[in-house]
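K.L.:
I would like the entire structure built from these sequences, with the hints used as guidance.
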Amino acid sequence: MGKFKVSGNTIVRIDNNAGTLVTLSSYIDTIGALGKEVQSLDVTSFADSAERIIAGIEASQEVSISGAWDDTATTGPDAVLAVLPGTIGTIEFYPKGTASGSRKISGEFLCLYYKPRGEVKGRVEYEASFKLDGTISIGTAT
Amino acid sequence: MAKKKSSDLAVYYGGYDFGTALTRVELTLGINALDPTSLSDAGERATGGLRADAVALTGLFDDINSADAAAAALIPTGTAVLSVLFGQATGDIAYSGTAFFLAAKNPASIGELVRQEVEIKLDQSLDRGMHYAKLAKAGTGAANSGTLDNTALTTAGGVGYIHVLSVTSGTVGAALQDSATGTLWADIPGARVTGSAGTSVKVSFTGTLNQYTKFTMEGTGIGTALGILVRS
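Chains U and E are the protein sequences, given in the same order. Numbering that gives the first Met the number 0 applies: residue 0 is where the first sequence begins, and numbers increase by one. Numbering that gives the first Met the number 0 applies: residue 0 is where the second sequence begins, and numbers increase by one.
Treat each hint with caution, since some may be false.
DEER-style ranges, computed between Cβ atoms [claimed, not checked]:
hint, chain 1, residue 1, chain 2, residue 2, range
1, U, G1, E, P106, 48 to 56 Å
2, U, R51, E, D122, 49 to 57 Å
3, E, G140, U, T9, 19 to 27 Å
4, U, N16, E, D40, 22 to 30 Å
5, U, T19, E, D122, 27 to 35 Å
6, U, E61, E, T57, 20 to 28 Å
7, U, T9, E, G138, 56 to 64 Å
8, U, T139, E, A1, 18 to 26 Å
Rather than coming from a laboratory, the hints here were simulated on the basis of the structure. Remember, predicted model here, so these are calculated numbers, not experimental data. Glycine included, each C-beta is placed from N, C-alpha and C at the ideal position.
P.N.:
See below:
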């Protein structure tokens, strides 16, 4: 066990609009921070000499992915992501790959947007953003 | 199928080619997120609201580019078709929709090129489809795009977009056509426009759309046009 480079290790799978997980790792060069986060609720009373808190429900969080735009049919990012805004599906994030026992972070996410864009002298790129619906699962690959 | 560079992109609005004026284009296919979280939920919830697509264009002013001409001709007239092409070949991806041309402004400051700020607001959402390579017709006779083999027919209809980009003489007709065999062709109902330069149309059709599709230009005139087809 140890530290791991992203390249060749990190796997990202996203439900397509038919509810089938598609591995998009080959088309992603950046994914935002994704993990568990709870709300902090202040329960400080007159009797306390310091501020008190309790954990609330899991906070909603947004995660985005981005990379080079690619029009590969059916399994490419444009084919998969263009029809997702407004739908809720599973995202699975494996920081060091999908070997049995490897860390798996997953949840149900609402796709907020998909943005293809191009700028002169650059590659055509895309970005997609997802908002957590419910709670994150921290588990392991099987 | 592949990744693309900036010169693979093309932007058309209302029958005008914006590509030479633009330095950046960004499309947003998005929704408004609504919060349905209730007391029984262990985590915040999210659900989709209204569709909220958008387009952002920036560029450089050029008095011979058609973005400037389009601004002069189209800003007061209502909606026209916006199409953004990701590639120049028949079968490449294109996003299209109808949109208002709200504003075109040319900010300038010392030491910089005069810029072109274009504000176009989408009416409803963008459609993802495939386009046919831009046709140039020289005189009598027809000009035809390559044929797209869509593997099978669909009974769910679709949407067609046509831009007539230039007509330098005579009359030019432009149409999206389909065929069950790839040899006998007929217009997709309503998907034909006979017009002058700076014309764009959106046509929705229901029912059967055959396996093979193409874009054609006919008539006596000389001109250029572009067709885009979205199969449902």
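K.L.:
Taking the hints in turn, state whether each one holds.
P.N.:
Structure-based check of all given hints:
{"no.": "1", "hint": "U:G1 x E:P106: 48 to 56 Å", "result": "holds (53 Å)"}
{"no.": "2", "hint": "U:R51 x E:D122: 49 to 57 Å", "result": "holds (52 Å)"}
{"no.": "3", "hint": "E:G140 x U:T9: 19 to 27 Å", "result": "violated (55 Å)"}
{"no.": "4", "hint": "U:N16 x E:D40: 22 to 30 Å", "result": "holds (25 Å)"}
{"no.": "5", "hint": "U:T19 x E:D122: 27 to 35 Å", "result": "holds (33 Å)"}
{"no.": "6", "hint": "U:E61 x E:T57: 20 to 28 Å", "result": "holds (25 Å)"}
{"no.": "7", "hint": "U:T9 x E:G138: 56 to 64 Å", "result": "holds (57 Å)"}
{"no.": "8", "hint": "U:T139 x E:A1: 18 to 26 Å", "result": "violated (36 Å)"}
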